[in-house]
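A.B. asks: Chains as they are written, first to last, in the UniProt record's numbering: chain A, 1 to 148; chain B, 1 to 148.
I should point out that these hints are in silico values taken from the structure, not numbers from a laboratory.
If you're wondering where the values come from, they're calculated on a predicted model, not measured in any experiment.
Incorrect hints may have been included.
Identical copies go unnamed one by one, so any copy, or any two together, can satisfy a pair.
[Unchecked claim] DSSO-like mimics (lysine-lysine), calculated; alpha carbons at most 27 Å apart, straight line:
# : residue 1 : residue 2
1 : K73       : K124
2 : K110      : K73
3 : K110      : K124
4 : K73       : K39
5 : K110      : K39
6 : K124      : K39
The residues making up each chain are set out below.
Number of protein chains: 2
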Amino acid sequence: MNAPLLNDEYFMRLGLTEARQAAEEGEIPIGAIIVCNDKVIARAHNRSEALLDTTAHAELMAITSAQNYLGSKFLTDCTLYVTIEPCVMCAGAIRWARPTRVVWGADEPKSGFSRFSKEIFHPKTLITSGVLADECAELMRSFFVSRR
Amino acid sequence: MNAPLLNDEYFMRLGLTEARQAAEEGEIPIGAIIVCNDKVIARAHNRSEALLDTTAHAELMAITSAQNYLGSKFLTDCTLYVTIEPCVMCAGAIRWARPTRVVWGADEPKSGFSRFSKEIFHPKTLITSGVLADECAELMRSFFVSRR
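Please construct the entire structure, taking both the sequences and the accompanying hints into account.
C.D. replies: Have a look at this one:
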């Protein structure tokens, strides 16, 4: 068997696995993965309901975990993957942690950071959006439909 | 002896005590206090250096702690005091937690949230700034001078 192609879609699929796990736990289905030199060093999904903690978003927990793993406040040479456009809190956290690159799946016009300002990330952070966007968005849509 | 007057200055002085503790630990001196019906339910100071975690800002830790204390994701009837204008990450966290009121000491033109957007807090959140601003700012200034 060939080794998997370690591209954006591959890592976003890992994010989707985290997001599905969140949905199974009754959490808003968002997953985040942090990759350093093709190695996954952190993975997390929303846990705000379980912890009664609105800071327990996937990105924040993945950042804390990656910083702990690296022993560094800066996520140099890291890419953060997240299934949905980060909220303004998570975008601010990404600003401080300075991953080299951020990749998200679906845009989030209501709660996404870009509603407030597109300048929140550190200016050197590279951004890619729209990776597996339909799958990422569909997971959110079906979650909220099921909760009605 | 009379009971202390439980006003904004009183609670901001508790925030300054937290901020001074941060400085003693080599952390950027910012402190946060959350008050619910005149009772302090959370207090925290920056711990980013000790934890190597850029999410360990005073406000975020105070919010997590207060939500845990109240058993609620929403900080209804709570006031969050913080010595320095929140950064964009903490402002986003305040948006999700929805304290009734936010009070800060000194503005922070470089890293404060209002540089990006003044609309980040939930629209119903009441805001007061400038409480003991000189003392809050002086603590930051002398910290950075001492680190040069």
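A.B. asks: For each hint, tell me whether it holds in the structure or not.
C.D. replies: Against the structure, the hints come out as follows:
1. K73 / K124: Within one copy, since 16 Å is at most 27 Å while 34 Å is not.
2. K110 / K73: For K110 and K73, only the inter-copy Cα distance (20 Å) is at most 27 Å; the intra-copy one is 30 Å.
3. K110 / K124: both (26 Å within a copy, 17 Å between copies)
4. K73 / K39: Result: close within a single copy only, 18 Å intra versus 34 Å inter.
5. K110 / K39: neither (32 Å within a copy, 34 Å between copies)
6. K124 / K39: within (22 Å within a copy, 43 Å between copies)
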